[in-house]
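Novice: Can you build the whole structure from these sequences, using the hints too?
Those protein sequence lines, which keep their order, are chains A and B.
Following my numbering, the numbering of the first sequence begins with 1 at its first residue and continues without gaps.
Following my numbering, the numbering of the second sequence begins with 1001 at its first residue and continues without gaps.
Just so you know, these hints were derived from the structure itself, not from any lab.
Don't be surprised by glycine CBs; every beta carbon is placed ideally from N, CA and C.
Take these hints with a grain of salt, some might be off.
[What the hints assert, rightly or not] Taking beta-carbon pairs under 8 Å as the criterion, some of the chain B residues facing chain A (in silico):
{"#": "1", "residue": "T1087"}
{"#": "2", "residue": "M1103"}
{"#": "3", "residue": "R1255"}
{"#": "4", "residue": "L1272"}
[As the list claims (entries may be wrong)] From the derived model, a few chain B residues whose C-beta atoms are all more than 12 Å from chain A:
{"#": "5", "residue": "P1086"}
{"#": "6", "residue": "A1143"}
{"#": "7", "residue": "D1161"}
{"#": "8", "residue": "T1266"}
{"#": "9", "residue": "A1267"}
[Unchecked claim] To spell it out: a stretch of chain A is covered by chain B in this simulated footprint if at least three of its residues, at any positions, have a beta carbon under 8 Å from a beta carbon of chain B; those stretches are:
{"#": "10", "region": "3-9"}
{"#": "11", "region": "100-106"}
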Amino acid sequence: MTWLTWRQFRAQAIVAAAALAVVAAALAVTGPHLAHLFDSNGLASCQARGTCGNDVTAFMDQFKAAGDAVLFWLTAGLVFLAPALIGIFWGAPLIAREIEAGTFRLAWNQSITRLRWLAVKLGLVGLASMAVAALLTLMVTWWASPIDRAIALPAGRNGAPGFNQFAPALFVAHGIVPIGYAAFALALGITAGLVLRRTVPAMAVTLLLFAAVQIAVPLWVRPHLLPPRHAVTVLNPASIDGWTAGANGYMNVTAATDLPGAWLLSNQVLTPAGHTFTGPAPAACVSNSAPVSACSAALGRLGLRQQVAYQPASRFWAFQWLETGIYLALAGALGGCCALLIRRRAP
Amino acid sequence: MTAAIAACGLTKRYRRTQALTDCTLSIPTGRVAGLVGPNGAGKTTLLHLATGLLEPTSGTIEVLGSRPASGPAQLARVGFVAQDTPTYAGLSVADHLRMGERMNPGWDAGLARDRIGRLGLDPAKKAGKLSGGQRAQLALTLAVAKRPRLLLLDEPVASLDPLARREFLQSLMEFTAEQQISVVLSSHLVADLERVCDYLVVLVASRVRLAGEVDPLLAAHHLLTGPRRDPAALPGDWEVITASHTGRQSTLVVRSGGPVRDPAWTASPVSLEDLVLAYMTQAAGAEPGRKPILEVAR
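Specialist: What follows is the structure, given as structure tokens:
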């Protein structure tokens, strides 16, 4: 059975291996340049000099100018898309094609039970899927490690806005979660194929369901995987990075945080009584003639506080493991569904 | 001796259609049994129940004394060639033999190679490029080289031209004679089965209408022609299967234990085709709760 599964899967495996080789070559060629930028900007020793903010900015500017940024987002996109492609092109046809061609009748009348037939298919293609995702994410994570190290530096986030490893687009493309996604997408595709019995509809349903899960999880599940940390501090006027003052004295203030690499879930400015600050705006802030510093100073005299809910950067790997575990468990559950379906009734 | 297929009250219902109704039969081992009936009569359903591809809605079926597909040992004892003889289009003939070898402990590699060689199939050719007849032969080779004790064939010759049909059945006969195995073969054409079967099952509209050894069945049925008579006036030990009447003459197919002695009738032996057609006609005219004696123009 292992031989037959491999023989049927061989062409797809070769395509995947070729694609991985191309990606590996592109990353191997450009990777050293990124490491060189990290060193040449002195990021390794910036903490001692206290210049990390400016150094990271310089590093990121050179990174963008070199065109590495394009490759960075391309590879992140590739890691993000790979599980979906695996689900659509490996998962959905795996059983649906056998049903369409009637070949399951041939396979199920050899001297092996259909549960074993399913187990070998799931096992072999499942391992291949996880291996592809693992290799891809390993290569991309290695390649992007100078950026991950840069944004983890104090003030690094300010130097590289948007490059937070918790940002949905980066979280799903680095670390180990792609392995969980690949296993889940594959199981989803196989189950869809078994239920719908047609390859093309199964591919479409796999894409839709996987996309829905990939949208729902970062929005509603991931923030609650671990209880967030809360911090309430006296608002430092120097950290105010923006305000809007409107009619009727309404005012909204936002302040920066110094939590490098952390995932901010909420960041509010509160009144001494503990309510969200919405005004009244101090006179210095609505006057057209007063300088910006006067408004900051006036806000500083109000005794405002800053309340932050966040997941610290140190939890990145805890989140990666938790989410990977959840997706692997889902994949296992779908595999169990397939076994039940295939035992109960023939297509 | 256990039966090749023993069914008791076997029923399979799909959501709306009744595919097989209350089927009770016992096909002995060592026979080549023909399963005949019009399209949609339930032949494929019966064979799929026998291979374990389907589960019965109610009733039981045992194949060689065990539940179908109950484990690797049972799967090894039953060879099956499905309708349209599915093969993996992207795999070569040699790949298929290798698959058979890997997936069947009792695989007879020599037999498989010999058959492929004798058929003149190119081992390197992809199964998708084979003709219908060649594909059927490949599927049959896979089914026989696992050395089953029972071979189930679902309309194996339906898609073949007459020459390929004859060759296929001939090679099947040679093989069964050599290997002493039981065969159940379905077809909607009686002509396919006439030369090969020694046991007959007629299936019409999801029910078994007739089952038994071919020779005793032929001996027990008579094709009678004679002056027109009221069916009620016929001897009590005659079971009239079909009766057709013209103005003066009646033609009957009857089942009777003994020979026909009434000189008013001209008796002639029935052919297998006459017999099957008679039972199909009877079933077509039968309505629930009525004695199935009707006038049918043939």
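Novice: Less than 8 Å between beta-carbons is the criterion; does T1087 of chain B satisfy it with respect to chain A?
Specialist: holds, 7 Å
Novice: With 8 Å as the cut and Cβ atoms as the points, is R1255 of chain B at the interface with chain A?
Specialist: Status violated, d = 37 Å.
Novice: Just double-check A1267 of chain B for me: nearest Cβ-Cβ distance to chain A has to come out over 12 Å.
Specialist: holds, 45 Å
Novice: Does the claim that P1086 of chain B lies off the interface hold, with its Cβ farther than 12 Å from every Cβ of chain A?
Specialist: violated, 4 Å
Novice: Has the region 100-106 of chain A got at least three residues whose CB is nearer than 8 Å to a CB belonging to chain B?
Specialist: holds (count 5)
Novice: Beyond 12 Å from every chain A Cβ: check whether that's true for A1143 of chain B.
Specialist: violated, 7 Å
Novice: Would the stated hint for L1272 of chain B survive a check requiring a Cβ distance to chain A of less than 8 Å?
Specialist: It is violated, given that the least Cβ distance between L1272 of chain B and chain A is near 29 Å, above 8 Å.
Novice: When you look at the beta carbon of D1161 of chain B, is every beta carbon of chain A farther off than 12 Å?
Specialist: holds, 21 Å
Novice: Would the stated hint for M1103 of chain B survive a check requiring a Cβ distance to chain A of less than 8 Å?
Specialist: holds, 4 Å
Novice: Say whether it holds or is violated: T1266 of chain B keeps its Cβ farther than 12 Å from all Cβ of chain A.
Specialist: holds, 49 Å
Novice: Please check whether the region 3-9 of chain A has three or more residues whose CB lies within less than 8 Å of a CB on chain B.
Specialist: Contact hint for the region 3-9 of chain A vs chain B: holds, 4 residues under 8 Å.
In this structure, the hints that do not hold are numbers 3, 4, 5, 6, in rising order.
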